[in-house]
Amino acid sequence: MPADRRILSPMVVLGGLSALTLLSIALFMTLGARGKWDFILAFRGTKIAAMVLVGYAIAVSTVLFQTITNNRILTPSVMGFDHLYRLIQTGLVFQFGSGLVATLDPRLRFGVEVASMVVFSGLLYWWLFNGAGRGDNRRSLHLLLLVGIVFGVLFRSVTNFLQRIIDPNAFLTVQDRLFANFNRVDVELLTVSALVVLAVSLAGWRWRRTFDVLALGRDAAVNLGVEHRRAVMTVLVMVSILVSVSTALVGPVTFFGLLVANLAYLVIRSHRHALILPAAVLIAVLTLVAGQLVLERVFGYNAALSIVIEFVGGLAFLFILVRGSAR
Amino acid sequence: MIDVKTITKRYNGTVVVDGVSLSLPAGGVISLIGPNGAGKSTLLSIVSRLLPMTSGTVEIDGLDVTTTPGEVLARRLSILRQDNQIMSRLTVEDLVAFGRYPHSKGRLTDDDRGHIRNALRYLDLEPLAGRFLDELSGGQRQRAFIAMVLCQDTEYILLDEPLNNLDVKHAVAMMKLFRRTADEFGKTIVLVLHDINFASCYSDRIVAMRDGRVVHQGPPEVIITPDVIRDVYGVEAQVMENGGQRIALYYQ
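Chains A and B supply the protein sequences, listed in that same order.
Letter by letter, the first sequence follows residues 0 to 326 in numbering that gives the first Met the number 0.
Letter by letter, the second sequence follows residues 0 to 251 in numbering that gives the first Met the number 0.
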């Protein structure tokens, strides 16, 4: 095939990304280590595991979400998915009291939260994308974007409101859960999340060729015999689960998914999800691990990684938006 | 056979397709003509299950399009709408290969590769096979989409304004290709056309629509007449015979 010579083949890109990711993980595990290795490895290993899991969940959920919505600007977090998950977490404490929620098995609690997330986000976004009885009139991308941002703010405000009116003990329980970050990850939650993500991935891998067809748009997908409605619903469920995992572990990150998904489209010049998804995951993990490494070793924990990522991601978002509307 | 029974499509009270019944036998080229807003594209979308109907039924060889599994229909009927925007980075060859998805679910066999090669050759796309879609002109892209649909190799091929963006040379080549596909392979090709003379010269049968209804149908000799054109489009036209083909002149 007379491919453009300036463009590297997808396999080379994937190989390079894997090498860089492994290198950054190795550096993260060993750099500046003083003391007993078994403690250091276990301590840093947990952080790495959390970052890999979060990067994976965000990258895959964003790419799949963009595949079913056929655009490169909307992401689950821009559409308010992660704030919805926050609202569900707070809502459960509000409804059932901190005593019950705190004594519940964390795995069961996570299960309940994910299940409610799947149901609510499924209903909400199904309604949104299928135009609430407006038939086949596609909604404009900018309208969806606006609605998503308004939803995000609404969910966050309701969450804040609920937190104000619950009793102080319950508030502490909630707060304890909401201020998670990579330096304080719940190991038990990590294991459950890893299993959930693995299950979603195994299911998703069998669908990878269907994803390629879905990315052609609804009409083409229907023409090629994909049961579009069911396929979109399945992907929405996967996305909801993955967003729950990443939000439960580190909280909302608005623009990170957008950044890694678009970088993946940029470096992988192919339509195949079998290539795009791994690339997005590798870029996400690399960004998180390398970012955290620089943050800890160079700036000595003096800045938050999320701020840096959101700043760069926000710029990328504006750039894509402006370029997209100029075209 | 495509069997359309009393199809109605309504958007918020506006009737776009109004109780259309139509029976199209298998084989041949059938053109749908009519003024803007006559409901041609909507009817085509309903027949191909892209749009749900408000009432009525459509059967393709006895298979009801609303209840038959998508993958079964995809091997029997293909549709290309206008304005195909694709987000993925696709080469022409990748796009055409998608036409084989209903048959091989993405794992290409040698047979599939043969179909892809033929489709590329028929549409004069071989030199462009490795180019990305966003590097092509509108007409080249249109040809790539048509190649994908032909590659799907279905009994019924529905195309909404396939001559969009094509220059005269490629428009003629495209119509000849449709004619050949119908004659040599026995396919049924249903086209929405704006150029009534292309419809006249290449169709076995013309269906004329106005205001959501089928107002005339029949072979070109019956449809391409001053009376029918006045009734359908509301313009005065002269009709000339030229080597057995009827050409309508409506430019003045």
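FYI, nobody ran anything at the bench for these hints, they're computed from the structure.
Predicted, not measured: the structure shown is a model, and the values here were computed from it.
C-beta atoms are modelled at their ideal positions from N, C-alpha and C, and glycine is treated no differently.
Some hints could be false.
Claimed, not checked - Sample of chain B residues with no beta-carbon within 12 Å of chain A, all distances over it, derived:
| id | residue |
| --- | --- |
| 1 | M0 |
| 2 | T5 |
| 3 | S20 |
| 4 | S54 |
| 5 | P68 |
| 6 | S87 |
| 7 | N117 |
| 8 | D159 |
| 9 | L165 |
| 10 | L176 |
| 11 | R229 |
| 12 | M239 |
| 13 | G243 |
Stated by the list, open to error - Where chain B lies over chain A, by a calculated footprint (3+ residues, C-beta under 8 Å):
| id | stretch |
| --- | --- |
| 14 | 68 to 74 |
| 15 | 219 to 233 |
Said to hold, decoys possible - Not the full set, but computed from the structure, chain B residues with beta-carbon under 10 Å of chain A:
| id | residue |
| --- | --- |
| 16 | V71 |
| 17 | L76 |
| 18 | N83 |
| 19 | I85 |
| 20 | L89 |
| 21 | R140 |
| 22 | V231 |
| 23 | G233 |
Given as non-interface: S54/B, which should sit over 12 Å from chain A by C-beta
14 Å, holds
A closest beta-carbon separation below 10 Å is what the hint needs, so does G233/B meet it against chain A?
29 Å, violated
With 12 Å as the threshold, tell me whether R229/B passes as away from chain A on beta-carbon distances.
33 Å, holds
Take the shortest C-beta to C-beta distance between N83/B and chain A; is it under 10 Å?
7 Å, holds
For G243/B, which was marked as not at the interface, is the minimum beta-carbon distance to chain A over 12 Å?
36 Å, holds
Tell me if chain B covers the stretch 219 to 233 of chain A under the three-residue, 8 Å CB rule, please?
holds (count 8)
Against chain A, does L176/B keep a CB gap of more than 12 Å to every residue?
19 Å, holds
Are 3 or more residues of the stretch 68 to 74 of chain A near chain B, judged by a Cβ distance of less than 8 Å?
holds (count 3)
Cut-off 10 Å, beta-carbon criterion: hint that R140/B touches chain A
Interface hint status for R140/B: violated (13 Å vs cutoff 10 Å).
Do the numbers back the hint for V231/B, that is, is its least Cβ distance to chain A under 10 Å?
27 Å, violated
Once the closest CB in chain A is found, is it more than 12 Å from T5/B?
Its Cβ never comes within 12 Å of chain A, the nearest being 19 Å, so this holds.
If we take the beta carbon of M0/B, is the closest beta carbon in chain A still more than 12 Å away?
20 Å, holds
Checked against the numbered hints listed earlier, the structure breaks hints 5, 6, 8, 21, 22, 23; every other hint is satisfied.
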